[in-house]
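Residue numbers (our numbering), protein chains in the order written: chain A, 7 to 410; chain B, 29 to 262.
Treat the hints as calculated values from the structure; they're not laboratory data. Among these hints, one or two may not hold up.
Subject to a maximum C-alpha distance of 20 Å in a straight line, what follows is the list of computed EDC-like cross-link-like pairs (lysine to aspartate or glutamate) [unchecked claim]:
#, chain 1, residue 1, chain 2, residue 2
1, A, LYS135, A, ASP227
2, A, LYS329, B, ASP106
3, A, LYS400, B, GLU37
4, B, LYS252, B, GLU97
5, A, LYS157, A, ASP101
6, B, LYS151, A, GLU112
7, B, LYS102, A, ASP402
8, B, LYS115, B, GLU37
9, A, LYS57, A, ASP330
10, A, LYS397, B, GLU222
11, B, LYS104, A, ASP191
12, B, LYS104, A, ASP402
13, A, LYS103, A, GLU11
14, A, LYS165, A, GLU212
15, B, LYS257, B, GLU222
16, B, LYS115, A, ASP101
17, B, LYS54, B, ASP31
18, A, LYS258, A, GLU11
19, A, LYS138, A, ASP227
20, A, LYS241, A, GLU112
21, A, LYS138, A, ASP101
22, B, LYS62, B, GLU222
23, A, LYS137, A, ASP227
24, A, LYS329, B, GLU108
25, A, LYS165, A, GLU114
26, A, LYS400, B, GLU51
27, A, LYS138, A, GLU11
28, A, LYS137, A, GLU11
29, A, LYS157, A, ASP227
30, B, LYS62, B, GLU97
31, A, LYS190, A, GLU271
32, A, LYS173, A, ASP101
33, A, LYS400, B, GLU222
Chain A stretches covered by chain B per the calculated footprint, using a threshold of three residues with CB under 8 Å from any CB of chain B [as the list claims (entries may be wrong)]:
#, stretch
34, 108-117
35, 227-239
Think of the CB as a built atom: it goes at the ideal place given N, C-alpha and C, for glycine as much as any other residue.
Here are the chains, one letter per residue:
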Amino acid sequence: MLVFENILLALTAIKSNKMRSFLTMLGIIIGISSVIAITSIGDSAKGVVGKEFEAYGMNNMYMYLNWEMTQDGIEYSDLIMPEDIEALQTRFPEDIKYIVPYVSAESETKVGRLEGKLSMYGVGTNYAKFKKNITILHGRMINKSDVEGNKDRIVIEKKAALNLFNKENAVGETLGVVINNEMKDLIVVGVFVVPPSLFDTMFMSEAYSTYVPYPILQTGDKSNWAVELYTNEEKDQELLGNEFKSYLSRIKDKDPNFYVIEAAESQMATINNILGTLSIAIGAIAAISLVVGGIGIMNIMLVSVTERTREIGIRKSLGARTKDILMQFLIESVIISAIGGVIGTILGITIASVGMSFAKIDVIVDPKVIILAVGFSAVVGMFFGLYPARKAAKLDPIEALRYE
Amino acid sequence: MTDEIIRMETLTKIYDTGEIQVEALKGIDLTIHKGEFIAIMGASGSGKSTLMNIIGCLDRPTEGHYYLENIDVKEKSDNELSAVRNKQIGFIFQSFNLISRTSALKNVELPMVYGRIGAEERKERALELLKNVGLEDRAQHMPNELSGGQKQRVAIARALANKPHIILADEPTGNLDSQSSVEIMEIFCRLNREGNTVIIVTHERDIAEFTNRIITFRDGHIIKDEVTKEAGAC
Numbered sequence: 007m008l009v010f011e012n013i014l015l016a017l018t019a020i021k022s023n024k025m026r027s028f029l030t031m032l033g034i035i036i037g038i039s040s041v042i043a044i045t046s047i048g049d050s051a052k053g054v055v056g057k058e059f060e061a062y063g064m065n066n067m068y069m070y071l072n073w074e075m076t077q078d079g080i081e082y083s084d085l086i087m088p089e090d091i092e093a094l095q096t097r098f099p100e101d102i103k104y105i106v107p108y109v110s111a112e113s114e115t116k117v118g119r120l121e122g123k124l125s126m127y128g129v130g131t132n133y134a135k136f137k138k139n140i141t142i143l144h145g146r147m148i149n150k151s152d153v154e155g156n157k158d159r160i161v162i163e164k165k166a167a168l169n170l171f172n173k174e175n176a177v178g179e180t181l182g183v184v185i186n187n188e189m190k191d192l193i194v195v196g197v198f199v200v201p202p203s204l205f206d207t208m209f210m211s212e213a214y215s216t217y218v219p220y221p222i223l224q225t226g227d228k229s230n231w232a233v234e235l236y237t238n239e240e241k242d243q244e245l246l247g248n249e250f251k252s253y254l255s256r257i258k259d260k261d262p263n264f265y266v267i268e269a270a271e272s273q274m275a276t277i278n279n280i281l282g283t284l285s286i287a288i289g290a291i292a293a294i295s296l297v298v299g300g301i302g303i304m305n306i307m308l309v310s311v312t313e314r315t316r317e318i319g320i321r322k323s324l325g326a327r328t329k330d331i332l333m334q335f336l337i338e339s340v341i342i343s344a345i346g347g348v349i350g351t352i353l354g355i356t357i358a359s360v361g362m363s364f365a366k367i368d369v370i371v372d373p374k375v376i377i378l379a380v381g382f383s384a385v386v387g388m389f390f391g392l393y394p395a396r397k398a399a400k401l402d403p404i405e406a407l408r409y410e
Numbered sequence: 029m030t031d032e033i034i035r036m037e038t039l040t041k042i043y044d045t046g047e048i049q050v051e052a053l054k055g056i057d058l059t060i061h062k063g064e065f066i067a068i069m070g071a072s073g074s075g076k077s078t079l080m081n082i083i084g085c086l087d088r089p090t091e092g093h094y095y096l097e098n099i100d101v102k103e104k105s106d107n108e109l110s111a112v113r114n115k116q117i118g119f120i121f122q123s124f125n126l127i128s129r130t131s132a133l134k135n136v137e138l139p140m141v142y143g144r145i146g147a148e149e150r151k152e153r154a155l156e157l158l159k160n161v162g163l164e165d166r167a168q169h170m171p172n173e174l175s176g177g178q179k180q181r182v183a184i185a186r187a188l189a190n191k192p193h194i195i196l197a198d199e200p201t202g203n204l205d206s207q208s209s210v211e212i213m214e215i216f217c218r219l220n221r222e223g224n225t226v227i228i229v230t231h232e233r234d235i236a237e238f239t240n241r242i243i244t245f246r247d248g249h250i251i252k253d254e255v256t257k258e259a260g261a262c
């Protein structure tokens, strides 16, 4: 097949027409780089979403009142009471690993002359076991005795410790806060860090993030409009959620859709779906430029065949077979587009990395995409090179030799 | 005869241009033996170039038979004809037809590339061939860096690459000055003395004088076929 000779020949031809070869490649370069950049950005975004959700735990879910069903106002019997939570736990001992009322509060605090705002999140026992990205630096996390004893304890993030107490280890210090219009002094029992999260910067205020035993945030009647759960992660989260809410509706004698479930897993699936569809759609548009690039290659190969008509005649007179000439031109167009594909891939990854570095996101490049892109560009070269190559191969040697 | 290399029997070539049919060769009978040194003469349009194309297997006869080493060319496929051109025929053209931007060495290697000969052997043999035509020091030169005579010598080296049975030269001295022409003809003489069959198309009488048999064409017919000296006596 003379593949090696033809590759050398193609490289020589490309080198001797540098400008022309580059312009020919440009279409492929633009096409491939945009496809790679878009899919990489899409994959990176998916990766970020995945990490965010992983931080919360994929088995995390919330169950809350369906506001649409309570248009006429909430009745006391609608709310989720401690006995309902207990009933759920008893009914699903294997599937509910953690269930506490979803309560949070914000409060200003003052330590000497230093001021700050605390965002207090009510947690139960073992919360850190489920929300895995919490690292305790000093002291401990909220524990069973804090929760059961309704103790005024707080675990604060490192930033709060540094800014309010001028030291990292603030264990033992006291923070004055207002909860449900009541002044309370909370004792710091732990200092933690969590990796920076996109969601935090997007949705959270400048308040310091802290954890407190959930009972201290509850109002007197201990009623709740929502609960937070961690479930058996081996089971289908959506199915589990449906079981929970229909059980709760039944014991509360409500419509089956009176409560709704928001599961981390299905939310992530939805977001990933949107991102995936989006990057496929934009990628497909970018792929059109590949076809335009292919037409450019075909055009230049036709010019090249005409220019080299005499050379083709000489080669044929020296014993080149039709197939040899076909391969010569086909390999040339495949190489032009494959080089374009490689340059396009590098450019695309560069674009994606630069773009993602602004968003401080690590770029994810799927090796499959690279192989696919370079392979596809070679296919484009082959497809659009075939017609000119056949034209060359079919030239009559006598006519070709006469060509001036 | 056992040593005949080319035999043509009532060979006819008609060019069909659509509206008119041009009969370029009108029933040629011709036999050429191994080791002959032949000049084909004639004015332009006499059919000598058509004959060259047919002998060189670039074209096929319309009617009649052309036996190359006792095998009827008519029965060969296009690929087989390519192989014949590659192995059995060595072409030399008036305008040299070297491939531009390709070194003399690579040009000489070309028939061996299509003959699927390995790179090392190819290079070795190409260098030897260039040495035989006195151009070993020009191996890496590009065609545009060579004089006309040098180009034609590279072309001869290339024609000899696969040790062809017939050397076919179409006006090989047509683009050369008289001194280079003589040098080129002397190379052909030497090749003929070494036993090669050499066929030259020319319209110059003094070039034809180098050969031992002069065949003259007019209007598609052979009008004269004279043996001027013994084969190999050049």
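Checked hints:
no. : hint                  : result
1   : A/LYS135 <-> A/ASP227 : violated (29 Å)
2   : A/LYS329 <-> B/ASP106 : holds (11 Å)
3   : A/LYS400 <-> B/GLU37  : violated (29 Å)
4   : B/LYS252 <-> B/GLU97  : violated (24 Å)
5   : A/LYS157 <-> A/ASP101 : violated (28 Å)
6   : B/LYS151 <-> A/GLU112 : violated (85 Å)
7   : B/LYS102 <-> A/ASP402 : holds (17 Å)
8   : B/LYS115 <-> B/GLU37  : violated (24 Å)
9   : A/LYS57 <-> A/ASP330  : violated (54 Å)
10  : A/LYS397 <-> B/GLU222 : violated (41 Å)
11  : B/LYS104 <-> A/ASP191 : violated (104 Å)
12  : B/LYS104 <-> A/ASP402 : holds (17 Å)
13  : A/LYS103 <-> A/GLU11  : violated (68 Å)
14  : A/LYS165 <-> A/GLU212 : holds (11 Å)
15  : B/LYS257 <-> B/GLU222 : holds (17 Å)
16  : B/LYS115 <-> A/ASP101 : violated (82 Å)
17  : B/LYS54 <-> B/ASP31   : violated (26 Å)
18  : A/LYS258 <-> A/GLU11  : violated (81 Å)
19  : A/LYS138 <-> A/ASP227 : violated (31 Å)
20  : A/LYS241 <-> A/GLU112 : violated (35 Å)
21  : A/LYS138 <-> A/ASP101 : holds (19 Å)
22  : B/LYS62 <-> B/GLU222  : holds (12 Å)
23  : A/LYS137 <-> A/ASP227 : violated (28 Å)
24  : A/LYS329 <-> B/GLU108 : holds (12 Å)
25  : A/LYS165 <-> A/GLU114 : holds (16 Å)
26  : A/LYS400 <-> B/GLU51  : violated (25 Å)
27  : A/LYS138 <-> A/GLU11  : violated (59 Å)
28  : A/LYS137 <-> A/GLU11  : violated (61 Å)
29  : A/LYS157 <-> A/ASP227 : holds (18 Å)
30  : B/LYS62 <-> B/GLU97   : holds (10 Å)
31  : A/LYS190 <-> A/GLU271 : violated (37 Å)
32  : A/LYS173 <-> A/ASP101 : violated (41 Å)
33  : A/LYS400 <-> B/GLU222 : violated (37 Å)
34  : 108-117               : violated (count 0)
35  : 227-239               : violated (count 0)
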